[in-house]
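Listed below are the residues making up each chain.
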Amino acid sequence: MKELVEFLCRELVDDADAVRVHEAFDERGPVYTVTVAPGELGKVIGRGGRTAKAIRTVVRAAATRQHVSVRVDFED
Amino acid sequence: MNSDVPDEVDLEEQADAVADFVEELLGQMDIDAIAEPAQQGERFYVDILEGPPEDLALLIGKHGQTLDAIQELARNVVGRRLDERIRVLVDVEDYRKRRASRLEERAREAAERALATGQEQELEPMDALERKIVHDAVASIVGVQSGSRGEDPNRFVVVSPAD
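In order, the protein sequence lines correspond to chains A and B. Residue 32 in the numbering used here sits at position 31 of the first sequence, and the numbers go up by one each step. Residue 167 in the numbering used here sits at position 114 of the second sequence, and the numbers go up by one each step.
Heads up, none of these hints are tricks.
From the structure, some residues in chain A lie toward chain B, with a derived Cβ separation under 7 Å:
(1) L5
(2) F8
(3) E12
(4) A55
(5) T58
(6) V59
(7) A62
(8) A63
Pairs of lysine-lysine, DSS-like flavour, derived with a Cα cap of 25 Å:
(9) K54/A / K115/B
(10) K150/B / K115/B
(11) K3/A / K54/A
(12) K115/B / K3/A
(13) K3/A / K44/A
(14) K54/A / K44/A
(15) K185/B / K115/B
(16) K185/B / K54/A
(17) K150/B / K185/B
Incomplete in silico selection of chain B near chain A, CB under 10 Å:
(18) L111
(19) T119
(20) V130
Keep in mind the hints are simulated off the structure, nothing from the lab. Glycine included, C-beta positions come from ideal geometry on N, C-alpha and C.
Using the sequences and the hints, build the whole thing.
Here's what the structure looks like:
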């Protein structure tokens, strides 16, 4: 699941190597926290949060197959 | 970004690039299906096919929302790769096409009942895109008109005899 989040975020920014996805677990399941190069957060969030919403939807769909619920957060 | 309307060759190239991205995405999601560029009239789209039915249903999602998300990401990523505005749709086993024809059929049935009974006909709640398909279908039928009532997500179309 972490690889999927990384794949999508790397494709959306100019500085793919700066993309970091931190994986943690809380009682509800895995939580992925994405950080990107300074100034590139808007590219993974998108206008009105459209891109972030699409990333979350696709990652959740993939996680459903493994019967887990995931969260994806984006951080400055 | 190139704002010119792309010609057919560009759209074909876009469809190929979208298919490549969608196949990469399916691989990352561990879903065994293929993404195939296709053309219908002047529209180019990429159809996801030949996967296990439960996986294809998952890719569509509730009211097509996962499919919309895949299309949003595909247009975004491929737009960056080609430096063009992407106009290609993504579909799963022609889900969008089938949904549109199902809605057009519902619109025709409601129009016929409205004409036969003189009474307005309420349809089930639909999202904005679905309502638009119904409004367009009703607009092509003489003697009926359509409007919408209620608040999303329960907003629905009403078909009635024309004033």
